[in-house]
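Here's the letter readout for the chains.
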Amino acid sequence: MITMSQENKHKSEWPLWEVFIRSKAGLDHKHAGSLHAADAQMAIENARDVYTRRMEGVSIWVVESKYIHASDPDESESLYDPANDKVYRHPTFYNLPDEVKYM
Amino acid sequence: MAKQIDLLDYTLRLADNELIIGHRLSEWCGHGPILEQDIAITNIALDHLGQARSLYQYAAEQFNHLTQEEKNKFFASATLQNVFTSGASIDEDDLAYLRDVWDFRNVLLVEQPNKDWAYTVCRSLFYDAFKFFFYTELLKSKDETFAAVAEKSLKEVTYHLRWSSEWIIRLGDGTDESHEKMQAAVNDLWMYTGELTAMDDTDKTMLSHGIGVDLATIQPLWQERVMETLKEATLTTPVNTWMQGGGKEGKHSEHLGYILAELQFMQRAYPGMDW
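Residue numbers (this note's numbering), protein chains in the order written: chain A, 212 to 314; chain B, 547 to 821.
Please note that a few of the clues may not be correct.
Claimed, not checked - Quick look at which bits of chain A chain B covers, simulated, 3 or more residues with Cβ under 8 Å: (1) 245–253; (2) 260–268.
Unchecked claim - Calculated Cβ distances over 12 Å to all of chain A for the following chain B residues: (3) 548; (4) 581; (5) 588; (6) 646; (7) 659; (8) 683; (9) 705; (10) 722; (11) 748; (12) 755; (13) 765; (14) 807; (15) 819.
Note that these hints are calculated values from the structure, not bench results. Glycine included, C-beta positions come from ideal geometry on N, C-alpha and C.
Make a model of the complete structure from these sequences and hints.
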């Protein structure tokens, strides 16, 4: 349950946004961090100043943090551990010719 | 000969505008209303400082080519005179740190105090809009250094103008309180905007040589751009205000002395200090 003071705090603060930066053309956008902003446009502008000042990016995505849905850390055993012993799902049983360098 | 003096004068006007507004914005560093804006405004301050450096380097180079007689007449600041009367050449740091108020040629607008966020972004809007159109014209200057500085600065000022306009609109068209504060800033700063586009003899000489910008063509563009933003922000554009002036000739408001006291203290107290 949200207390009165928490409610007021939420009202006076700008919402939180998650920032994704593409470091150069052709690469994926990667999560860079988060920041506060009043709306999407301000979030992009703030992200430009906070996360791309040192030439880290050529493209920015922002999404309000409340729209990110995450898996439950308490369920990580049942979700991810079963993949541990399924080595046959990795393409590690092929003999690669020497000419193929970047695999 | 007169052309060289005017060119130096013109260069210093552009450089001083950049240094002083950059310093004003840097005063927010660590005091911004929110972390993200603290970084944004400090970032913008650094852009201004970078532009000031390029222009001061150019001004120092020009100054060092003058005759001793011309040099003696150009600056009245004693500390700077001490440097060049001994025959030494001056550099960008000497120009920033060793000149007193009357040797600065920035417009009065840029030295006005930050006061609050509304004043700060309003001063930026007025200056950024001017600079955007000014540098767009300066791209065509016959002076290669000016054209190069204009090209580099335009990308930065395009962003600055967007940033300041956004804030005017947000606050003007925000709550009753933010609207009131924004309108007060617009009203109080309006009288410093006339000087931006008022032509004096130096401006005319530079224009006639194809080096400077015709401020008469900038004025309506500036007016239209600013009024458009104020209108979107539901703010009223002041009319028939008497316009202040004098900064370009070295006649400043009381604020510049305080700025220089802070900006120049270290070099004045510990001459030649490096860190």
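Do the hints match the structure? See the list:
no.	hint	verdict
1	245–253	holds (count 6)
2	260–268	holds (count 3)
3	548	43 Å, holds
4	581	8 Å, violated
5	588	9 Å, violated
6	646	34 Å, holds
7	659	24 Å, holds
8	683	27 Å, holds
9	705	8 Å, violated
10	722	17 Å, holds
11	748	36 Å, holds
12	755	38 Å, holds
13	765	29 Å, holds
14	807	29 Å, holds
15	819	28 Å, holds
Violated hints for the displayed structure, listed by number in ascending order: 4, 5, 9.
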